[in-house]
Amino acid sequence: MSSESSSPASTQAQGDKPSYKQTLNLPKTAFPMRANLVQNEPASMKRWDGMRLYDTLRQLSADERRDLWSFHDGPPYANGSIHLGHLLNKVLKDFVVRTRTMQGLDVPYVPGWDCHGLPIEHKVMTELVESGKAAKLDTLSDDDRRMAVRRECRKYAEKFIKLQTGQMRQLLTVADYDHPYLTMQPEYEAATLEVFANLVEHGLVYRALKPVHWSIANQTALAEAELEYYDRQDLSVYVWFEVEDVAALLKAFGLAGKDPKEFADLKPSLMIWTTTPWTLPANLAVAVHPRYEYVLAMMGGRPTVIAAELYAKVKSLREKSSAHGAAELGRCKGADLLGLTYRHPFCNRVSPVVSAEYVTLEDGTGLVHTAPGHGAEDFQTGHANGLDIYCPVRADGTYDDTVPDWLRGMDIWKANEVIAKRLEDDGAMYFSHTFTHSYPHDWRGKTPVIFRATEQWFAAVDKPRAGDLDLRTLALDQTRDDVKFYPEWGRNRMRGMLESRPDWCLSRQRAWGLPIPAFFDADGNYLLTRRTVMCVAEKVRVKGSDAWFTMSPAQLLEGYDAASDPDAPDSFKAQAWQSVGPESLRKSSDIFDVWFESGCSWHAVMDQRGQADLANGKPVELYLEGSDQHRGWFQVSLLTALGATGRAPFKALLTHGFTVDKDGKKMSKSLGNTIEVEDLLKKYGADVCRWWVASINFEGDIKVDYSLFDVAGESYRKVRNTLRFLLSNLDDYTPLDQRETMPGASLDAWVLGEYNRVSQEVRAAYDRYDFRAAHSTLYDFCNDTLSAVYLAATKDRLYCDRPDSMRRRRTQRAMWELCDGLCRLLAPILPHTADEAYRSLWKVDAKDTSRCVQLTTYLDAIDVSADAAWTKVMAAREASQQTLEAARAAQVIENPLDAEVHVQDADGALAAFATRFADATGDSFEAEFADLLGVSRVKFVGPGAARVVALADEPRCERSWKRDGTVKQRSDGGWLTDRDAQAVGVA
RNA sequence: GGGCUUGUAGCUCAGUUGGUCAGAGCGCACCGCUGAUAACGGUGAGGUCGGAGGUUCGAAUCCUCCCAGGCCCA
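Going by my numbering, the first sequence opens with residue 1, and the numbers climb by one from there.
Keep in mind that the hints were calculated from the coordinates and are not lab data.
Every residue, glycine too, gets a C-beta built ideally from N, C-alpha and C.
Please note that the accuracy of each hint is not assured.
[To be verified] Computed Cβ-Cβ distance ranges for the label pairs, DEER-style:
#, residue 1, residue 2, range
1, Met497, Glu293, 31 to 37 Å
2, Arg349, Arg291, 27 to 33 Å
3, Gly132, Met410, 32 to 38 Å
4, Gln509, Lys136, 19 to 25 Å
5, Asp142, Pro260, 55 to 61 Å
6, His437, Lys320, 21 to 27 Å
7, Val350, Lys484, 50 to 56 Å
8, Thr402, Gln509, 21 to 27 Å
9, Ala247, Arg586, 49 to 55 Å
10, Pro502, Val350, 24 to 30 Å
11, Asn673, Val711, 16 to 22 Å
12, Gln509, Ala466, 49 to 55 Å
13, Asp363, Thr402, 41 to 47 Å
14, Arg772, Arg586, 56 to 62 Å
Let the hints inform the model, and build the full structure from the sequences given.
Rendered as structure tokens:
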């Protein structure tokens, strides 16, 4: 308009351009648009540390007598840097702690580490070997050597605990990092022994043979991780085991017509195959697969039982003729062979055919030589069939005296040939040849390893606990009825694992761990009672488990008297022993399986620190770990607690899935698809990483890719900008102590009502650990309800109204509540950003620690009652947006402020509401609706009359850019609406 | 090989007990704003719900099998 350039207003403004800009209340805030998380999060951390946030929360809880809500951290292994799984796990735990804390509960969180165990010891031993120190250690006494290794292991664990603590703190987790629990702490070790003492008392601990990997060269047991596989030449033998009960054999193959006596002269036999002939003296059974098919066929002149599928293959090893079929006498299923018996080819005994599912048809004969003392599967089969765990091989790799005399004292490797020769001579060898295969070797000595049964300590799963049910039944009962599972399918999964788990082998033959406090006398009898364990526990509580290695049996048992211990074996009570005393005892050299230690944390941490009291029926509220812990920590914790107290240590179990790459594949260093936590933190900052965690469905596999963090970053920025916009419009606002009530007809009441609903939804989602739902509800609220609707609609009044107009102040009050409430709802997920915004809201400076969102609780519901008509208003708004968009597409208008929209008000509800609105607020509802659409004017019209009218010909307010029909030239020469004229103070 | 589990638009996910359940957000495309501006607003296109059978009047939703993943065992 030509008149604009000549108006006084324009000349009063700067230079030649007309402007009312400096008369507006434009947004202003110190809260930056760009978060700069990587740079700014450390400052938040420092501030929280300075105010001792964790301790302050505990103090606050004590002062306010908050209810305790106990949460228990499962200990990660003190080895290496934290990985994505840790990030996910620790952040989820932090969500739980923070959401419950903001609810007004007392939620202490003690982080822990699993410190003992093979991975560390192995790593330390490797370093000692490489540096040449290991050889020196081997010259020391057993106790001294172990102590030396243990010292190195402790240093190693401490180093990584420190490293991981720093990394976990970078994730902005709130925890008692000054007082973590470590499974190698004396008080933890002592408490572990206390639990063990209870298990011993309840008769659940026993000693039995079990095959382990054994290094003959070092006379020590080895773990899987200590094996290295190299090629080795061995003798592969196919051996006949002559059937004892020929009649039963004939019956199994449906050959009842044959005469057993006559048939027996043909020496009908089972054909087995093995690559370790030296284990044959320990053979106690032959295993078949119950569903496979077996044939009885002539091989090498004997009626031979062999898997149907392997018959031709094995027969061709020795017999070149192709007419195999003619030699077949009968067929049956493996199940039909069960219970048959055979004579050992050179030991004087008869053994049975048993069933085993692991029998395969890839190699051998389908009939598996089973030596329960010399193989893991053999052991299980032996157990299942009540066989002895027979192991005639001594620690030095020679046979003991239970084998035939021609083998006694012989080295097992030499025995391979001797046994083969004997089988040949006796006509029991069908075929043999040397072949090369991959075979496990000792990582240190590079010598071949064998499976050898050794005495181990076990916890019985099926034995009745004194005066009670057995652990398996107890565990199944409690996981069926008493424990909650998130997600629910965890129940089924864990119960399935409980149903099939074998007895728990508690012992390991290592140095870096908690010793099993058993004593042996010269005859091999052991002393292990509740009292002896408690006696040792006292020493351990003072000196740590090193005491076991530095103290003598007499010192360790000081204060213990076998004679008065009702549980002590008679041999230890006997007069003769009493005169010799504990000094004559030998200390056990076994340590506990590390799972036993971590499985005792409910007592060692939660009981001891007063956060739970299982014996008196106060278990922990929640354990939260990856779903692998259904078999791991959850299960071992359950078993130790049931064994010691009869009760489950937790009320609920929450599991998350595992991180996979963007294609859903497992992450591994060898595939090169791993992503480092350090890199994510450096690139995105903790709050964005946490925002990402909150966005995922953690129950299943979790895809991880940088692009997903980019998305999380974008989404974070939207929320941040909403907070920023709220803050920037509150710059000139101070909340009044007394809250006025919002007129229910006002838009502000509507948005606060929406906030109340969202707040309730978010808190309910937090309650059920549905962080994803909370995340998306918060996100949608910021974007949709606030950014697109409320903030867009109120911009005009905030900028253009008189600063202290009632309408503007009312909106500012609503915005204050929104900002305050949002900060608190966001705080569990975005601790840094929420606190940054919260502090900005209160305008406290960097050093000021008087305000901290983490010390608040969620805002109570705001006392408003929005007019029910707002639902219709918002629907009409959406419909009108379509009308507007169509007009824009038809080029009726470009800028919405050039438009008057005729809004369809079919039932007159809007018009009716307009009256209530005007009465309550003193403002025009048409103008309010125009703001909701971002247009200049609105009219309510009847059905079918919705349209857009262009207002380009009407004068435009130079201040608010509206064409609301009141624009005219004012006393200062500017063209203004009535409202703007009043705001500027011109007539 | 077994137990549990996952597979819905390019991406992340909603879809209670089978019947407007084919949805949301991001991304993308187009438009607007330029007084939230390394921002903001509006509109739109996109999927035979891993595959194949089956039950049913009707299935993403129940059953069977298969394919591709994950955890734990063997």
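query = Do the beta carbons of Pro502 and Val350 sit within 24 to 30 Å of each other?
reply = Holds: the Cβ-Cβ distance is about 28 Å, inside 24 to 30 Å.
request  = Please test the hint of 41 to 47 Å on the beta carbon pair from Asp363 and Thr402.
outcome  = violated (29 Å)
message = For the hint 55 to 61 Å, verify it against the beta carbon of Asp142 and that of Pro260.
response = Since Asp142 and Pro260 have Cβ atoms about 58 Å apart, the given range 55 to 61 Å holds.
ask   = Is it true that Met497 and Glu293 lie within 31 to 37 Å of each other by Cβ?
value = holds (32 Å)
ask   = Is it true that Ala247 and Arg586 lie within 49 to 55 Å of each other by Cβ?
value = holds (52 Å)
inquiry  = Within 16 to 22 Å: is that where the Cβ-Cβ distance between Asn673 and Val711 falls?
reply    = Holds - the Cβ-Cβ distance for Asn673 and Val711, about 19 Å, lies within 16 to 22 Å.
task = Could you see if the CB distance from Gln509 to Ala466 stays within 49 to 55 Å?
result = Between Gln509 and Ala466, where Cβ atoms are some 29 Å apart, the hint is violated.
message = Taking the Cβ atom of Arg349 and the Cβ atom of Arg291, is their distance within the range 27 to 33 Å?
response = Taking Cβ atoms as reference, Arg349 and Arg291 lie about 28 Å apart, which means the hint holds.
key: Distance restraint hint 21 to 27 Å, applied to the beta-carbon atoms of Thr402 and Gln509   = holds (23 Å)
inquiry  = If I claimed the Cβ atoms of Gly132 and Met410 lie 32 to 38 Å apart, would that claim hold in this structure?
reply    = holds (35 Å)
inquiry  = I want to verify a distance hint. Is the separation of the beta carbons of Val350 and Lys484 within 50 to 56 Å?
reply    = holds (53 Å)
query = So does His437 sit 21 to 27 Å from Lys320, Cβ to Cβ?
reply = For Lys320 against His437, whose Cβ atoms are near 25 Å apart, the range 21 to 27 Å holds.
Figure legend: structure checked against the earlier numbered hints; hints not met, in rising order: 12 and 13.
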